[in-house]
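Line by line, the protein sequences are chains A and B.
Quick note: the first sequence, position 88, residue 88 per the working numbering, numbers continuous.
Quick note: the second sequence, position 266, residue 266 per the working numbering, numbers continuous.
Among the hints, erroneous ones may be present.
[Unchecked claim] Simulated coverage check for chain B against chain A, where a stretch passes if three residues somewhere in it have a Cβ under 8 Å from a Cβ of chain A:
| no. | stretch |
| --- | --- |
| 1 | 96-105 |
| 2 | 204-212 |
[Said to hold, decoys possible] The calculated EDC-like cross-link candidates involving lysine to aspartate or glutamate, where the alpha carbons are at most 20 Å apart (straight line), are:
| no. | chain 1 | residue 1 | chain 2 | residue 2 |
| --- | --- | --- | --- | --- |
| 3 | B | K4 | B | E37 |
| 4 | A | K16 | B | D200 |
| 5 | B | K205 | A | E22 |
The hints are simulated quantities; they were obtained by calculation from the structure and are not laboratory data.
Each residue gets a CB set at the ideal place from its N, CA and C atoms; glycine is no exception.
Listed here are the chains, written in short residue letters.
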Amino acid sequence: MSGETEDMPLGGIIIKPGSTTENKTGGWRTFKPIVEPAKCVKCGICEKFCPEGIIDIDPEKGAVMNYDYCKGCGICAHECPTKAITMILEKK
Amino acid sequence: MVKKILEASHAVAEAVKLCRPQVLGMYPITPSTHIPERLSEFVNNGEMDAKLIRVEAEFSAISSIVGASAAGSRVFTATSSQGLALMNEVLYAASGMRLPIVMVVANRALSAPINIWNDWQDAISERENGWIQFFVESSQEAVDTIIQAYKIAEDERVYNPVIVNIDGFYLTHVYEPVDIPDQEQVDNFLPPLNYKYKLDPTNPKTHGPFAYPVPYAKLKKRNFEDFHSFTPIIKEVHDDFAKEFGRSYGDGVIEEYKNDRPYVILTMGSLSGTVKEFVDSRDDVGLVRLRQYRPFPFEEVRNALEGKEMVLVVEKDVAFGSRSGAVFLDLRNALFDMKDKPRINNGIGGVGGTDITREDLGKAIDELKNKDGEIYWFEMRG
Ligand code: SF4
Ligand code: SF4
Chain A
1 MSGETEDMPL
11 GGIIIKPGST
21 TENKTGGWRT
31 FKPIVEPAKC
41 VKCGICEKFC
51 PEGIIDIDPE
61 KGAVMNYDYC
71 KGCGICAHEC
81 PTKAITMILE
91 KK
Chain B
1 MVKKILEASH
11 AVAEAVKLCR
21 PQVLGMYPIT
31 PSTHIPERLS
41 EFVNNGEMDA
51 KLIRVEAEFS
61 AISSIVGASA
71 AGSRVFTATS
81 SQGLALMNEV
91 LYAASGMRLP
101 IVMVVANRAL
111 SAPINIWNDW
121 QDAISERENG
131 WIQFFVESSQ
141 EAVDTIIQAY
151 KIAEDERVYN
161 PVIVNIDGFY
171 LTHVYEPVDI
181 PDQEQVDNFL
191 PPLNYKYKLD
201 PTNPKTHGPF
211 AYPVPYAKLK
221 KRNFEDFHSF
231 TPIIKEVHDD
241 FAKEFGRSYG
251 DGVIEEYKND
261 RPYVILTMGS
271 LSGTVKEFVD
281 SRDDVGLVRL
291 RQYRPFPFEE
301 VRNALEGKEM
311 VLVVEKDVAF
321 GSRSGAVFLD
331 LRNALFDMKD
341 KPRINNGIGG
351 VGGTDITRED
361 LGKAIDELKN
371 KDGEIYWFEM
381 RG
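This is chain B alone, in the form it adopts within the complex (with noise of 0.2 Å):
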């Protein structure tokens, strides 16, 4: 294990080459560009030993990418904003087909206008696709989840798609130390990908056929019912990761720091550092972070929850139609039928990468330790 201060794109494209994928399908597209641009100059070395396919657009990233995972290879992609957006529907074949992808998104604002700064709206648009979605703090837990993410997605119990989440610019061009862990102690936790269902002349399948009603029906029900079943895997893996490396996220699905006290901020991403730095400012808030953010932990989150006063849900995005954020939507459902369930408030900020300071938390939690169901906006500074 080497300690190294590197840029947390530079960090990725590092956990994606001990990954070993043998194809890359990538186009290019602000804050995720340093992405492709590490991983390109490793194939062009000759320091990894990957097909990189130079597509023309994100659609076609990802569709090759499915192509190839669907014939039996380890693959990787990364993207942002707009782009995960024009790969919409590639999503959806992804993940109704099953297939072990794994794919970085720098989270970023959606057009118009354009924006190429910081939120969540792209990944929280993507919300029910079916592919699996995490949300890192740093550059080390994003490292470590590639890596994870990986063993999940090619766990025969999975075989699914996954979102490793990275805030784009605060995270992704942030240079901080990381352990790179060592290609043998990779290679022994992840070995090469051995696809059950893979395409292959001599024992003919097929990947995305059409399905009448009935078995359309089915499939959809059986899809979403696994969904679910992924949360107990996900930390089966986390915490084999963790006796491996000697690092964990909480329980890998949920982080709680100084959950002790009445006051809770549940929030996702590099947001949660400025959150623990609020926290330890004061001896009344607490933490929880959504680390596994698809699917939403239920369970984890009541568990964390119980007791409480009042839980600030901080989300830098927003579910039109809804009136509120998209994780307060989840977080309200999943404390609906709970007795003496706290308050809920939703704190909106950071959208289009508007800052959000400690000040300004303190001053959502005092404006809201009495509330329930708030919506409040963040005041708009960046």
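Looking at chain A on its own, in the form it has when it is part of the complex (with noise of 0.2 Å):
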């Protein structure tokens, strides 16, 4: 819940689903994934592993994620098995 004037339900409970697509969690990140597309195979491997859910496999850029909510947690760089994905520090 981020919001200042929105209905405040009883007891903090979320009546209607898909707040957290609201709140655009990607500005917590310091590092940010960087794919690299001829080195992509397009396995999905990371996709699987994404705690935030936020990667797409595309069938012609391969890996491709949404940084409104990717937390930079690194995961999908260290699971990828042909490095095709760098964290870089993300300049503010």
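Since each chain sits alone in its own frame, please combine them into the complex, following the hints.
Okay, here's the thing in structure tokens:
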């Protein structure tokens, strides 16, 4: 919950699903995963391991991260069998 | 209705059974043990249709029923002392989430040193946790209050967890005659729980989410303000119960006994029985018993103590750092801006299972009659 004016449900219970999509949490990130498309074999391992569930395997481009929600944990880079993902320090 | 001679813990188990909880998360600890023991027998014998979760400690006991409660089940647990202290973190979660949970606390002293006997430090140490708290005087009141507690906790205007405090040993292990209500009567009074915010895959919700500072502060303010609106509803449930079952306890919040006298003892729990006998032996002292400790019934005690000479708050606990017992603190606050307020003294006793007798009460009253603001320790015997 981040809004300041929304009606407060009793006990902080969120009665409408999907509220986590409203809060863009990508700003928490320090390192950003960058995919090198040439190395990506579209195996989908990163997609399965990403704790945020925000990697899609595009038939053309390979792994694509939704940076609005990627928290930069680096699990995808660690798991990638072809080392196609590099974590780079993000300048803000 | 059947009158039975029962141990209070077994009467509690009977009352819980009548309320038909669906999930029991329990871990035995003296002096509350006979409650889970008897409930386990009921489940084992098929007398109770409930899921009993045998957990590894009290933290899990309360956690398991928090989950079950959020999923819409009627739940129960019982504990004492260290067990309650171990639950502490989850108790705040339960009240923050406004879950309709009912728990019995068989009051016992806290370590160290280890002591299994009765005092109120366990429940008193949980006074800021947002749970409604009752202290009962007798087995009968324990039975009746458990039934009322579910009705209160599950009222849509409340949706808040409730603790029913029962003095360890003095009450939990005492055999006395108790009216056990009929199942049908309890079913009429307490229909199945239909929790509005239950977790449901077809209608997803989130309980206990993360909150940024502003929504957090708003929720805390709301819970804090709601808390004091519970008292009239508690009285309403008590009155409905009285109509249905023919038993009442003062106005449901405080009980006054011979309170037409200049001096008053204000106390809670089973000690009130001793105080009533003491009051019967005198013509200058009455009793005001707090049945509802949380929320503290400010208006009710002010009305009950208007025009009195002196009030002696007798309690089995201390509020560390506050130079007094915890009940005394609230009472002094309640009376602070009252015109012609009575003198108020604090008798601390019964700690760690020490005795408070009628003679002790007489000695304290006579010594404190003309004093004000004294912290008086009862003689320690036991
Ligand atoms: S860094 Fe973590 S959160 Fe971001 S895409 Fe990789 S696995 Fe997902
Ligand atoms: S794990 Fe590596 S190779 Fe496999 S899809 Fe993800 S980025 Fe591509």
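Results of checking the hints against the structure:
For the stretch 96-105 of chain B, the stated coverage by chain A holds: 4 residues have a C-beta nearer than 8 Å to a C-beta of that chain, and at least 3 were required. Judged by the Cβ-Cβ criterion of 8 Å, the stretch 204-212 of chain B is covered by chain A as claimed, because 9 of its residues qualify and three suffice. Between B/K4 and B/E37 the alpha-carbon distance is near 19 Å, which keeps this suggested pair within the 20 Å criterion. The straight-line distance between the Cα atoms of A/K16 and B/D200 is roughly 12 Å, inside the 20 Å bound, and the hint therefore holds.
Among the hinted pairs, B/K205 with A/E22 is consistent with the structure: their alpha-carbon atoms are about 15 Å apart, no more than 20 Å.
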